[in-house]
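Knowing the structure of chain X, use the given hints to seat chain P on it.
Listed here are the chains, written in short residue letters.
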Amino acid sequence: MKILNKIFIILSLLLLFANQNYAAETDAAEIISSLINSYDNILVQRGWHTTISGTGINAHSFDSTGKFLEVFFSINAKENSDILITVDSRQNSLKIKKTFLFHKNDTETNKSIEKIILPYLISLIYFKDQTPASSVYHSSITLGYYRTNENSDIIPDKEKGLFLLKWKFLKDPLKNIINNNSTLILGDYLDSTYSLTLNHNGDETFEIIDEFDFDIELLVYGHNYASGTEEHNVRNLYGWFSNIAYFRPYLKADKMLWDNEIYTDHVHVQYCYWTPASFIHNITRTDNGRSLFLSYELGIGPSQNSSITANGISDEEADQYDDKIFVSQWYRNHGFPRRKHNYYWSMAVPAKITLASDRYLNSRVEFKNEFYYFQSVFSKEVYDFYNKASFEYGYYITDSLIGGFCYEYHYTSGNSDQNTISPNRESHSWNRFNIQVEMKI
Amino acid sequence: MKIITFYISILLFFIAVILSSSTVMSAENINKKEININLINITEEDYINYYQPFFFSESFNVSRHYTYGNEIFKPATNTFNFFSDKKNINEKSYSLLSANAVDAQGSPFLIEWTISDGFSEDFRKKEALNFTSGLFLKSQKEDIKSIVSEEFQSSFNITNLTPVYPDEEVISSINGYEFDYRIKRTPTYYAVRTSSEILLSCGMGVINYYMNKYENKVDWQYQYSWEDAEKKVKDGWYWDPNNFNTNTIYHLYAGMAYQIARSNNYSMLESFAWSFGGSFMWEFFGEWREQVSLNDMIFTPMLGSITGEALIQTCDYIERNMKPGLLREFIQLAINPFGWINRMIDETNSGDIKVRLIFINPLQAAVQEKFEEELMQRN
Numbered sequence: 001m002k003i004l005n006k007i008f009i010i011l012s013l014l015l016l017f018a019n020q021n022y023a024a025e026t027d028a029a030e031i032i033s034s035l036i037n038s039y040d041n042i043l044v045q046r047g048w049h050t051t052i053s054g055t056g057i058n059a060h061s062f063d064s065t066g067k068f069l070e071v072f073f074s075i076n077a078k079e080n081s082d083i084l085i086t087v088d089s090r091q092n093s094l095k096i097k098k099t100f101l102f103h104k105n106d107t108e109t110n111k112s113i114e115k116i117i118l119p120y121l122i123s124l125i126y127f128k129d130q131t132p133a134s135s136v137y138h139s140s141i142t143l144g145y146y147r148t149n150e151n152s153d154i155i156p157d158k159e160k161g162l163f164l165l166k167w168k169f170l171k172d173p174l175k176n177i178i179n180n181n182s183t184l185i186l187g188d189y190l191d192s193t194y195s196l197t198l199n200h201n202g203d204e205t206f207e208i209i210d211e212f213d214f215d216i217e218l219l220v221y222g223h224n225y226a227s228g229t230e231e232h233n234v235r236n237l238y239g240w241f242s243n244i245a246y247f248r249p250y251l252k253a254d255k256m257l258w259d260n261e262i263y264t265d266h267v268h269v270q271y272c273y274w275t276p277a278s279f280i281h282n283i284t285r286t287d288n289g290r291s292l293f294l295s296y297e298l299g300i301g302p303s304q305n306s307s308i309t310a311n312g313i314s315d316e317e318a319d320q321y322d323d324k325i326f327v328s329q330w331y332r333n334h335g336f337p338r339r340k341h342n343y344y345w346s347m348a349v350p351a352k353i354t355l356a357s358d359r360y361l362n363s364r365v366e367f368k369n370e371f372y373y374f375q376s377v378f379s380k381e382v383y384d385f386y387n388k389a390s391f392e393y394g395y396y397i398t399d400s401l402i403g404g405f406c407y408e409y410h411y412t413s414g415n416s417d418q419n420t421i422s423p424n425r426e427s428h429s430w431n432r433f434n435i436q437v438e439m440k441i
Numbered sequence: 442m443k444i445i446t447f448y449i450s451i452l453l454f455f456i457a458v459i460l461s462s463s464t465v466m467s468a469e470n471i472n473k474k475e476i477n478i479n480l481i482n483i484t485e486e487d488y489i490n491y492y493q494p495f496f497f498s499e500s501f502n503v504s505r506h507y508t509y510g511n512e513i514f515k516p517a518t519n520t521f522n523f524f525s526d527k528k529n530i531n532e533k534s535y536s537l538l539s540a541n542a543v544d545a546q547g548s549p550f551l552i553e554w555t556i557s558d559g560f561s562e563d564f565r566k567k568e569a570l571n572f573t574s575g576l577f578l579k580s581q582k583e584d585i586k587s588i589v590s591e592e593f594q595s596s597f598n599i600t601n602l603t604p605v606y607p608d609e610e611v612i613s614s615i616n617g618y619e620f621d622y623r624i625k626r627t628p629t630y631y632a633v634r635t636s637s638e639i640l641l642s643c644g645m646g647v648i649n650y651y652m653n654k655y656e657n658k659v660d661w662q663y664q665y666s667w668e669d670a671e672k673k674v675k676d677g678w679y680w681d682p683n684n685f686n687t688n689t690i691y692h693l694y695a696g697m698a699y700q701i702a703r704s705n706n707y708s709m710l711e712s713f714a715w716s717f718g719g720s721f722m723w724e725f726f727g728e729w730r731e732q733v734s735l736n737d738m739i740f741t742p743m744l745g746s747i748t749g750e751a752l753i754q755t756c757d758y759i760e761r762n763m764k765p766g767l768l769r770e771f772i773q774l775a776i777n778p779f780g781w782i783n784r785m786i787d788e789t790n791s792g793d794i795k796v797r798l799i800f801i802n803p804l805q806a807a808v809q810e811k812f813e814e815e816l817m818q819r820n
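Protein chains in written order, with my numbering: chain X, 1 to 441; chain P, 442 to 820.
Because the hints were derived from the structure by calculation, they are not lab data.
Using 27 Å as the maximum straight-line C-alpha spacing, the simulated DSS-like pairs for lysine-lysine come out as follows:
{"hint": "1", "chain 1": "P", "residue 1": "K582", "chain 2": "X", "residue 2": "K104"}
{"hint": "2", "chain 1": "P", "residue 1": "K579", "chain 2": "P", "residue 2": "K474"}
{"hint": "3", "chain 1": "P", "residue 1": "K795", "chain 2": "P", "residue 2": "K527"}
{"hint": "4", "chain 1": "P", "residue 1": "K795", "chain 2": "X", "residue 2": "K98"}
A few chain X residues that face chain P, going by a derived Cβ cut-off under 8 Å, partial list only:
{"hint": "5", "residue": "I42"}
{"hint": "6", "residue": "K98"}
{"hint": "7", "residue": "F100"}
{"hint": "8", "residue": "L101"}
{"hint": "9", "residue": "F102"}
{"hint": "10", "residue": "P119"}
{"hint": "11", "residue": "I122"}
{"hint": "12", "residue": "S123"}
{"hint": "13", "residue": "Y137"}
{"hint": "14", "residue": "S139"}
{"hint": "15", "residue": "L190"}
{"hint": "16", "residue": "L218"}
{"hint": "17", "residue": "I244"}
{"hint": "18", "residue": "Q304"}
{"hint": "19", "residue": "W345"}
Every residue, glycine too, gets a C-beta built ideally from N, C-alpha and C.
One chain only, chain P, in its complex shape:
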């Protein structure tokens, strides 16, 4: 009897588990929000490549509709409309991306991106879609104006912000915004790029060092061994007797790490820390066989940072006072090589992105809808 009771209780337990889990599953299905995505002039391949990664969410059941035409769908609840086109501005080709949706409070809004074509345009489009999809997904929980207001406060990608107010003397509402979007990479990206470039410049330094091996080996005191590495640390630093210019002018170039860091969006103090780190690495690893030089540890980052900053400012002066052309680019490359390279990388990635975000007035939309209905009925 006890055994039967035991088995029944186990059976009941499993039934309960199955039932409860199926209830949870069905509840999940019920809770999943139905979202329609209308894609105008966008192929399925484009959707999979660009759009899907941003709308893949366990909270939504997404159904897609593809169409072609010149006009974007009207905003509707639980619907994201996307419209893609091309246009020329001042003989330059641009991609146009428009999208609209309705926020959690039922207010519709429209976002329009004008993205320059050319090198790295895919990256720019993905960045635009990332921003737009983030806005759309958040708008299903909050009102759009709050989301945008928070975005303006925290985002460093948004520049030249211009709010668009109604043409009235006393303002009570806001119609939208216009702004430029500058792509800024993540701090990790800049940290990796800075480290790689410092390593590259140190690598070039090591090649030069071993090319002048005959002259440099007078300073060699250690072998490539753990014992000598320990000895090097224990020996500490000393004032080195290198050539006057080696200790001054040449170490100014070694302090180039400062310019590298500055061109990777680091502040002056942060860049000085990178320069100090680069100098430390050079003294301990680049010049492995030599005792650490105290004067190099002082003069490399300091000369590199102060003269580096002067050279960066000089580059900016040249940028603003010389006509664009090969000569200007060459001078800038000579004065601040990594700054020039990084600027080229960033400019090609960032391109030209202009954004218009407008809040469509629901009342105005309703009046227009009614007018259109009446017009249809008359016809």
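Just chain X, with the same shape it has in the complex:
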């Protein structure tokens, strides 16, 4: 009987301890899980992208000025009579460790832990690690002088050249971050180019600022993957972009104008498109400061563009030119003879590829091909395409100044339907040679 009593007492004690241990483990797990969930909610509410992994969170965001912020924290608890919690955190490259100790007999342990640790976790999103502002934006200004040959001869022979002003502006907060695996969302990346041709012979503002084009690529959803060391690394950035592009060249050849005498500023190659869906993939490989770059892009979206098939039409012919595809007669009927236009509404399919090397032989070399296909939304038979192939060479005069040249070959071709009086098929090519100086700012 006594033995039975002893066994019973021992078993009871064992059960009691076992229960206590079990309860203790549950407590620590619950505390950590509750902290992680609370912190995750706070981060998400503040626009951070979070990934919960076990007993930690990896989160990244871009601050109001676009600077990349990354927070990682993991939490571990040990317990006997007390609970010892260690928080390992990292703000970009700055590592911080903090240890907290709580007495387990406190009836409100969970609450007091949250009250003390959570403000610390919140404070991690306000960065003490001040990375330089220049890491977010990258921009350059190009000043150039060019001559155009408005036919297919290779050597440009235009007597009077024009000045070129180009501005490249890139928002890429992850450009200098070597090890990174992040999902990017709307606005995390933006690439844009704006160029302007200045005609010194022009009298009015819009004769001086003659040619204007821009191309803006805005990331909607994508991924950045970079790995390697500071000396050797590879970066892949790809995703869904939404782009806007506008192009109106300065060309004076008869073939390129609606009517040479009457409407001289209206060229047959011009477009403005918006691609709600574009896929862009940029690959950069860096070796000891030198880099190789490959980029390709394919998109689709609505556009407004002119057609080469409406060229060489006289004012009298334009009177007869009442076509839904090429808007002209409509204004004439309403008493506005000056408002003649050559454009149609279409779906644009831009496809671009770029190959570049940087800092090899202290130079930068770039090959680029841009192809645009425009399909009219009113007639299946009406379409145009425009192709621009370019080769650019630049030599680093200083670290931020590049002097060089660029050669561009443009080709456009169009097809109209049976309803128009203009030729059904037309094509034209021209080329341009730029001497330019690019300055990184």
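Using the frame of chain X, we list chain P on its own:
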């Protein structure tokens, strides 16, 4: 007899009603908490203007005490102490507002506000008092640490939070917090400001539209009548044959609604929705006499949003890379006019507000009190 019984019962009923209501009233009086407010360097006029609106409560019987001096009263139960002063930091004038109280669990705490003087300082002070009084009133029911922890989780006005821990390797308690307080208006305020600014820009567009009436009237198809309004809706949309640049570059400016919304704290997607709404309003009301243009409905918000975002980022780039000065302000005004105006309004309202919230250790306070008592007795 029946009548007498009836009247007696009515009389008894009224007596019962009066008695019960007086019991409720007296119970209310009993339940009303007595609160003392000590105001140091604060005039009665200031109290009425700034403090009273926050402490007007049916749950409290408030008694006030005014005094002048350099030191704040010690925290005590059922007492709110306020201290006001001025100070200069880096040749800039600041208002100092300190306040302390004791929470429902008997723990004292102190909150200190350093508020920049200048334009809209009244607004900043009221915001500080609003926050402080809210904290005080809640602290009479809950412990202060829980209230503050919840505030940090939910408030978007608090930034640069730094918890202040004891100088120990292993931390078991928290001494307080330091943070910046940025005034953010209510969502209603931003919605009203965004709508007003979009209406203003559309109004400017309408003026420009009628100044070029001769050219624009070629597109007019409707009169100002209900019949034509109905016809306009029924006619639906079409691809308009306007000038190439009217349909592209000029509509980029019309998409400015995106920039307006962005500068009013809206996200990119929300701002796109505002831009789309602005474009819809312009097509239906701004260009009332024209048929709705499908291409304008696509290109205005899209061109406006994507180029608008590029311009906003450009403004930020300029802000961070150009030296402050007139040229920088002018460029920003030209690129993002409403963004610049809204930034000026917000900056002047928000100013510079730094806050320190500390939990006074009761043990430490008791030791100090005892030490002071002993010192008094010796003297």
